[in-house]
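Turn these sequences into a full structure, and let the hints guide you.
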Amino acid sequence: MGGLKVVFKKELSDHFTSYRFLIIFSLIWMVSLLITYMVGTSIREELTGIAKPRYVFLLLFMSSGGFFSFIQFVAFFGPLIGIILGFDLINREKNEGTLGKILAQPIYRDAVINGKFLAGVVTISIMLTSIVLVITGLGLKVVGVVPGTDELLRIAIYLIVSILYVSFWLGMAILFSIIFRSVTTSALASLAAWIFFTFFVPLGAGIVAKSFVPHGESEKTEAILRQLSIQRSVSLMSPVSLYSEASSTIIDPTKKTTRAYVLMGPFEKLSIERFSGPLPISQSLLIVFPYIISIIAITTILFAVSYTVFLRQEIRSL
Amino acid sequence: MGNPVIETEELTKVYGNQKAVDSVTFSVYEGEIFGLLGPNGAGKTTVILMLLGLTEPTSGKAKVLGVDPTRDAIKVKRMIGYMPENVGFYNDMNAIQSLRFIGELNSIPEKVLEERIEKALQIVGLEQDAKKKVGAYSRGMRQRLALAELLIKEPKVALLDEPTLGLDPDATSKMIELIEALKKDKNMTIVLCSHYLEMVQKLCDRVGIMIKGKMVAQGTIETLAKEKFGMGQEEYTLEEIYMKYFLEA
Ligand SMILES: Nc1ncnc2c1ncn2[C@@H]1O[C@H](COP(=O)(O)OP(=O)(O)OP(=O)(O)O)[C@@H](O)[C@H]1O
Ligand SMILES: [Mg+2]
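Protein chains in written order, with the working numbering: chain A, -19 to 298; chain B, 1431 to 1679.
Listed next, the in silico DSSO-like pairs over lysine-lysine satisfying Cα-Cα at most 27 Å (straight line):
| # | chain 1 | residue 1 | chain 2 | residue 2 |
| --- | --- | --- | --- | --- |
| 1 | A | Lys(-10) | B | Lys1562 |
| 2 | B | Lys1642 | B | Lys1449 |
| 3 | A | Lys(-15) | B | Lys1562 |
| 4 | B | Lys1549 | A | Lys(-10) |
Just so you know, these hints were derived from the structure itself, not from any lab. Quantities reported herein were computed from a predicted structural model and do not represent experimental measurements.
As C-alpha cells, then:
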C-alpha cells in the first residue's frame, strides 16, 4: 500500500468514528428532514387541482416553506461542515507529535496532506449524497410526484457543485491548520473567513456599488442597474455568492440569467416566471458553467497553496 | 571497526542567523553504538533530523548506508528506525493498531507485519496492554511502544533521541537493556542522544560531544580521557570528561 492510501484509510475511519462527525451529520439530517417535510406538505397542498405540474420536485430544494430552503441551508451551513472537518487536521498532529513520527516513515510528505484532503472530500460527498437521497426519497412520499430525468440530472449536478463548495471550505480550514500551530487559532481564522465571505463581502459589495453612483442620480433606472451590476460583480468574489448563484440556477429551470431581477417585487417576479417557459438543462448548464469553473479554480488554488506551504515547512516548526 | 554506516562531512544547518549545527564531521561504524552528547540546544536533534532527510542541511554532506538523505529520503527512512525525543501517538488507538499503522506506512506485507507486531510487543513487554488505548499509557509504556514501532521496521540503523527522558530508574534500566539487545541480537548500528551520561558510558562504544553546534571531541571514552587529562588517566568517568569540555567551551 502506498503512503497515500494508508493515510487516506486512517483519516476516513477517523472521520466516521468521531463524535464531531456524528453530531454535524445528525444536525444536518434533522434540519434537512424538517425542511423537506415542511416544503413537501406545502407543495402538496398547492398542487391539488393542477393537472400536470412540472418541476415540482425541484421545489423541494429551492422553496423556502416559510423558513429557508435547502439550497440556502447548504450555502450557509455547508462551510461549517468543511471547517469542522478540517480546522485541526494538521496542527493537532503537530502538537501531539504524531506528524514528525509519520514523516520519519518512508512516505512522501504530500501523501499526508493529499490523504487528509481526499478523505475529507469523500466524507463530505458521502454526507451530502446521503442527505440529497433522503430528501428525494422523502419528497417522493410527501409530494407524491415522480421526478423526471431532467430533474434528477439537475439534482445530481447540484450535488456535485455542493460537494465542490464544501470542499473549498475544507481546503481553507486545512490551510489554516497548516499555518497556525494552535487549534483554537485555526478554528477562529476559519470562522472569520466564513463570516467575511458570507456577510461582509455581500454587504461591502452594496456599499462599494453605491459609492460608484453619482450623487443625485440614484433615482434613475440606469443608475440603479449599474449599481446592481457592480454589486453583483463584487459579491461574486465570495465563494458563497458563487455557489448560491450556481446552485439556484441549476435547481431552478425558470431562472434565465444569474442576474438579479431588477425593480421587481417577489410577486411580479413569480408571475413572470410562471409565464416564461423553463430552460432546458443544457441552457442552465451553460449559464452556470463559469461559476462551476470558478468554484473549482478557487478550490484548486487554495489546495495548491496549502500543499506548497506544507511541503516547504521546516520540520522543526511542524 | 566495521564499515562506516553513517558518514557526515562538514554538516551544517543554519536557522535564521543561528548555526544550529556547525561543520560537523563524524562516522558511525557497523554494529556500534555512538553516543551524541551536548548541552540543551547543542544541535544533536538537528543532526539526527538531517540524517533522516527530515530537514535539509544548509551545507555539507551526509550518507547513511551509502545513500544521501537529501537525495533519496524515502530510501533512507526505510532503513532507519527513529525514536523522536517527544514521541506522539494517536491516543484512541491501541498498541496493535499503532504498530499496524506504522507497518502499513512502511509497506510491510500483512502477514509478516502481524508476526513482527507480536514479537515486538513481546520484546518490549507490552503484550498484556496491547489492547489498551495508548492514551491510557504511562510515560514508560509509551517509550517502550515507541521502541516497538522502531522494531517492526527491522531497521539496520536506529537513531534514538533521548530514549530515557522522563523514565523512572526501573524503566530506565529496562530501556538500557532493550537498547543493548538491539546491538547484540540485531546487530543494529545506533546513534544515541542523551543527557544521561551514566547510560551513555555503559552503552556506547564511542561518543561525540557537541557544544553550540560544533563537535568538539569524539572517540572512545578512554581516548577522550587521555586527551583531556593526560596519559594514564583512562579511569575518568564520562561525566568528568564532559564537564571539562563544557567548561572550556
Ligand atoms: N525551527 C527552528 N528555528 C530556529 N531555530 C531552531 C529551530 N529548531 C531548532 N533551532 C535551534 O537550533 C539549535 C539546536 O537545537 P537542537 O534541538 O538540535 O538541540 P539539541 O542538542 O537536540 O538540544 P536538547 O538537548 O535540548 O534536545 C537550538 O539553539 C535551537 O534553538
Ligand atoms: Mg534534542
